[in-house]
Amino acid sequence: MLHWLTLMADSLPSLLWAALAFTVPLTLASFALGLVVGLMTAVIRLFGPPPLAAIVRFYVWIIRGTPLLVQLFLIFYGLPSAGIVLDAFPAALIGFTLSVGAYTSEIIRAAIGSVPKGQWEAAYSIGMSWTQAMRRTVLPQALRVAVPPLSNSFISLVKDTSLAAAITVPELFQAAQRIVATTYEPLILYVEVALIYLVLSSVLSAMQVRLERRLARYGGFLEARS
Amino acid sequence: MIGLSNIEKRFGDVPVLKGVSLTVAEGCVTALIGPSGGGKSTLLRCINLLEIPNSGTLRIGEEEMSFQPGVRPGWKDIQRLRGQTGMVFQNFQLFPHRTAIENVMEGLITVQKWPAERARERAVSLLRKVGMDHKADAWPATLSGGQQQRVAIARALAPSPRVLLCDEPTSALDPELSGEVVEVLGKLAEEGTTMVMATHDLRLAATIAHEAVFLEDGQVVETGPSRELFARPARERTRRFVATLTQQGQHGEGV
Chain A
0 MLHWLTLMAD SLPSLLWAAL AFTVPLTLAS FALGLVVGLM TAVIRLFGPP
50 PLAAIVRFYV WIIRGTPLLV QLFLIFYGLP SAGIVLDAFP AALIGFTLSV
100 GAYTSEIIRA AIGSVPKGQW EAAYSIGMSW TQAMRRTVLP QALRVAVPPL
150 SNSFISLVKD TSLAAAITVP ELFQAAQRIV ATTYEPLILY VEVALIYLVL
200 SSVLSAMQVR LERRLARYGG FLEARS
Chain B
0 MIGLSNIEKR FGDVPVLKGV SLTVAEGCVT ALIGPSGGGK STLLRCINLL
50 EIPNSGTLRI GEEEMSFQPG VRPGWKDIQR LRGQTGMVFQ NFQLFPHRTA
100 IENVMEGLIT VQKWPAERAR ERAVSLLRKV GMDHKADAWP ATLSGGQQQR
150 VAIARALAPS PRVLLCDEPT SALDPELSGE VVEVLGKLAE EGTTMVMATH
200 DLRLAATIAH EAVFLEDGQV VETGPSRELF ARPARERTRR FVATLTQQGQ
250 HGEGV
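Here the protein sequences line up with chains A and B, keeping their order. Numbering of the first sequence is given in numbering that gives the first Met the number 0, commencing with residue 0 and proceeding in unit increments. Numbering of the second sequence is given in numbering that gives the first Met the number 0, commencing with residue 0 and proceeding in unit increments.
FYI, nobody ran anything at the bench for these hints, they're computed from the structure. Take these hints with a grain of salt, some might be off.
When the alpha-carbon atoms are kept at most 27 Å apart in a straight line, the in silico DSSO-like pairs for lysine-lysine are as follows [claimed, not checked]:
hint, chain 1, residue 1, chain 2, residue 2
1, B, K17, A, K116
2, A, K116, B, K75
3, B, K112, A, K116
Pair by pair, the computed Cβ-Cβ distance ranges are [unchecked claim]:
hint, chain 1, residue 1, chain 2, residue 2, range
4, A, G112, B, T141, 19 to 29 Å
5, B, T141, A, N151, 25 to 35 Å
6, A, N151, B, T245, 50 to 60 Å
7, B, K186, A, L142, 44 to 54 Å
8, B, A24, A, M206, 55 to 65 Å
9, B, E175, A, T130, 34 to 44 Å
10, B, G69, A, R134, 27 to 37 Å
11, A, A215, B, K17, 39 to 49 Å
12, A, S204, B, G60, 53 to 63 Å
13, A, V35, B, G69, 29 to 39 Å
We put the CB at the ideal spot given by N, CA and C, even for glycine.
Can you build the whole structure from these sequences, using the hints too?
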């Protein structure tokens with residue numbers, strides 16, 4: 000028992016370092032970039048010219064229809080054959096961004112669609128342009144609808160970054176694998192790594208609750224718009 | 000003054016407005032009455048170009064625009080005309096994520112680029128005008144329907160439109176709550192606000208409006224000073240419709 004605790008304590012610093020240096024930045028960066036891609040994809044699908052909309056629909060279809068691990072392998076191990084050589088971290092960043100973009104585009108599309116047409120018209124009637132109506136009236140209301148499902152994506156992403164281990168990114172899970180290779184204590188190390196992921200996603204869940212509370216401050220807007 | 004001439008609007012193959020011509024004088028309140036589906040709302044929405052007419056000419060003040068089938072007018076031109084109008088919706092359509100005063104300030108700040116302080120001053124005075132200054136910081140969801148509609152009227156007036164368009168402003172409200180909205184609109188009419196309102200509410204159509212236009216099946220059936228039109232409709236069809244309105248009025252809303 001004491002042996003286990005010592006092992007956990009000894010390995011904790013290098014695991015935390017891997018989480019802070021790779022898992023967390025990879026998650027934050029690919030989620031932020033993925034949201035931008037998702038928003039653009041959603042807007043193009045809702046409002047863009049049909050050919051462009053067809054292209055982004057194709058993108059969503061490909062990304063959602065193939066395993067993330069396969070996509071990462073394609074980017075990191077496959078693309079060099081086509082002359083595109085990427086370091087492990089940028090390759091992972093691109094893979095996760097594309098994945099987040101495809102999934103969140105559907106969430107954002109639904110959330111924008113949930114804002115009643117009358118809100119657009121009210122915005123237009125006081126002289127707003129499409130962009131102003133979108134930014135000032137529709138997106139803030141869509142955000143409130145989108146936060147719970149977006150949080151789902153965010154939390155999934157934290158855990159999915161462990162797949163980056165397979166393309167040599169020295170993130171949290173890979174750090175654990177390396178320690179296991181020298182200590183031969185898979186049970187302890189993988190339990191420990193699972194606990195760290197659990198803490199990370201719990202922090203995110205708590206942030207989601209706070210964000211939802213803040214967005215709920217204007218009350219039952221469903222009545223207000225009925 | 001507002002002039003519509005020969006406005007036609009089709010939704011797909013369905014004609015909704017079949018060549019409507021109408022003149023509204025400065026400072027005049029015009030009620031659009033008629034059965035549901037007759038084109039009242041569409042006509043209003045053609046005035047602020049939420050719907051683009053298929054053909055005809057629209058003039059508001061010095062701005063004029065002609066429409067042709069298949070030609071969508073440019074954004075700048077739409078803005079130029081729309082800027083002359085304010086709109087009050089049946090379901091209020093306040094921005095739920097903004098407080099009452101923020102709703103009124105929104106157009107001034109976002110569109111007209113007023114500094115926040117100046118916008119706030121104007122918003123306060125408009126909220127006072129509609130009797131809502133005591134609720135300036137309330138969220139729309141916490142207000143009654145009548146209060147929401149009064150804030151919506153203040154929001155529509157904020158950019159000083161030349162004409163206020165009201166799309167059935169009281170029909171989502173019970174008679175008691177709609178009373179406060181009628182009162183506010185009556186006050187605006189006395190002050191000389193030009194208004195065009197689609198309504199089934201006799202208090203608005205017969206009492207506040209100066210002119211009434213009876214619209215059915217996308218056409219103007221009869222038009223005239225509203226007291227005349229309600230007291231002595233020239234056409235049989237108008238007579239029958241006015242009779243149903245006044246009957247309802249006696250049971251419900253009172254004349």
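### Message
If you test the structure against every hint from before, which numbers come out violated?
### Response
7
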